[in-house]
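Visitor: Keeping their order, the protein sequence lines are chains A and B. Read the first sequence against the numbering used here and you will find it ends at 132, with the numbers running on by one and no gaps. Read the second sequence against the numbering used here and you will find it ends at 130, with the numbers running on by one and no gaps.
Quick caveat, the hints were computed from the structure, so don't treat them as lab data. Using N, Cα and C, we set each Cβ at its ideal position, and we do this for glycine too. You may find that some hints are simply not true.
Said to hold, decoys possible - Derived DEER-like restraints, expressed as beta-carbon distance ranges:
hint: 1; chain 1: A; residue 1: Leu-102; chain 2: B; residue 2: Glu-61; range: 32 to 38 Å
hint: 2; chain 1: B; residue 1: Lys-73; chain 2: A; residue 2: Arg-98; range: 32 to 38 Å
hint: 3; chain 1: B; residue 1: Ala-69; chain 2: A; residue 2: Glu-14; range: 44 to 50 Å
hint: 4; chain 1: B; residue 1: Arg-33; chain 2: A; residue 2: Ile-17; range: 24 to 30 Å
hint: 5; chain 1: B; residue 1: Arg-33; chain 2: A; residue 2: Lys-65; range: 29 to 35 Å
hint: 6; chain 1: A; residue 1: Glu-105; chain 2: B; residue 2: Lys-50; range: 34 to 40 Å
hint: 7; chain 1: A; residue 1: Ile-17; chain 2: B; residue 2: Lys-50; range: 22 to 28 Å
hint: 8; chain 1: B; residue 1: Asn-100; chain 2: A; residue 2: Ile-17; range: 41 to 47 Å
hint: 9; chain 1: B; residue 1: Thr-8; chain 2: A; residue 2: Thr-96; range: 42 to 48 Å
hint: 10; chain 1: A; residue 1: Pro-56; chain 2: B; residue 2: Lys-82; range: 34 to 40 Å
hint: 11; chain 1: B; residue 1: Gly-99; chain 2: A; residue 2: Arg-98; range: 36 to 42 Å
hint: 12; chain 1: A; residue 1: Lys-65; chain 2: B; residue 2: Glu-101; range: 35 to 41 Å
hint: 13; chain 1: A; residue 1: Arg-10; chain 2: B; residue 2: Lys-50; range: 22 to 28 Å
hint: 14; chain 1: B; residue 1: Tyr-96; chain 2: A; residue 2: Asn-131; range: 23 to 29 Å
Now for the letters of each chain:
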Amino acid sequence: MKVDVEAEKRKIRELNIKLLVDHNRDVDDELSYFVDNAILMPPNAPPIVGVKAIRPVIEGMIKNKINLGTPKGPDWIVVSESGDLAYDFGKYSVKTQRPDGLVTEKGYYISLYKKIDGQWKFAGQSWSNLNL
Amino acid sequence: MVNLVLETEKKKIGQIMKKLTIDSSTEIEEAVRYLCPDVMLLPPNDQPIKGIDAVKARMIEDSQARIHAIGGKQLNVEVSEKADLAWEYGSYYIQYSEGNEGVHGHYLSIFRKEKGEWKLQEHSWSETFS
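Isolated chain A, as found in the complex:
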């Protein structure tokens, strides 16, 4: 069966935006879209591997009231011909209220997605930080 790659790209874009918006609201719902062995690769720190390890990171983002603005989605998305793997590339800008004032961080990211039981799941992300 031929995969409608453009339709799959739209689903990835929706998921990318949903994950950014929902992590301000519902951690359990957010993590339901992660594969169990998802990995986060920050630019200057060890990776965070697995949903259990990622949960406190997202909880910390909520606690610290990190503002991701209005997510626009990635700059581009690539979906495999078989519609089972995908990745995206985009820019981010986050604002965090710290004791010494509002800090803005900017950079680029690459996200990984894997389709499991017909649903796209977030498999990982690596990002850069241009503020350092």
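Following the hints, complete the assembly by docking chain B onto the known chain A.
Guide: Just chain B now, with coordinates in the frame of chain A:
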């Protein structure tokens, strides 16, 4: 059941990663063969490096550094069912002199198949100085 075709493709990805990391320090022309024309590097604290010429220039620059030891460990490889898209991530280290703890970190590489050959499309990495 193990899909032997995909397992073979995973091995190919691992072999290309070795050529791109270890061999690129001495054999840049050979390494460049494994880059997509619109390859992009995403350094941890800098702007992306786009295109084969810019990436080659970065490889030449990196090759000037005196490296005592370099290595890495593959943590995960995924290949799409039709073997046209794949990613690998893992850890790496670079030691600049004996006894020096050097640099270590993690990397993410994305490959696409072009005319039957895997080529590097995107490469991102983290960096932690010891």
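Visitor: Each hint should be assessed against the structure and marked as holding or not.
Guide: Status of the hints after comparison with the structure:
no.: 1; hint: A:Leu-102 with B:Glu-61: 32 to 38 Å; verdict: holds, 36 Å
no.: 2; hint: B:Lys-73 with A:Arg-98: 32 to 38 Å; verdict: holds, 35 Å
no.: 3; hint: B:Ala-69 with A:Glu-14: 44 to 50 Å; verdict: holds, 45 Å
no.: 4; hint: B:Arg-33 with A:Ile-17: 24 to 30 Å; verdict: violated, 38 Å
no.: 5; hint: B:Arg-33 with A:Lys-65: 29 to 35 Å; verdict: violated, 48 Å
no.: 6; hint: A:Glu-105 with B:Lys-50: 34 to 40 Å; verdict: violated, 22 Å
no.: 7; hint: A:Ile-17 with B:Lys-50: 22 to 28 Å; verdict: holds, 25 Å
no.: 8; hint: B:Asn-100 with A:Ile-17: 41 to 47 Å; verdict: holds, 44 Å
no.: 9; hint: B:Thr-8 with A:Thr-96: 42 to 48 Å; verdict: holds, 46 Å
no.: 10; hint: A:Pro-56 with B:Lys-82: 34 to 40 Å; verdict: holds, 37 Å
no.: 11; hint: B:Gly-99 with A:Arg-98: 36 to 42 Å; verdict: holds, 38 Å
no.: 12; hint: A:Lys-65 with B:Glu-101: 35 to 41 Å; verdict: holds, 37 Å
no.: 13; hint: A:Arg-10 with B:Lys-50: 22 to 28 Å; verdict: holds, 25 Å
no.: 14; hint: B:Tyr-96 with A:Asn-131: 23 to 29 Å; verdict: holds, 27 Å
Going down the numbered hints, you'll see the structure goes against 4, 5 and 6, while the others check out.
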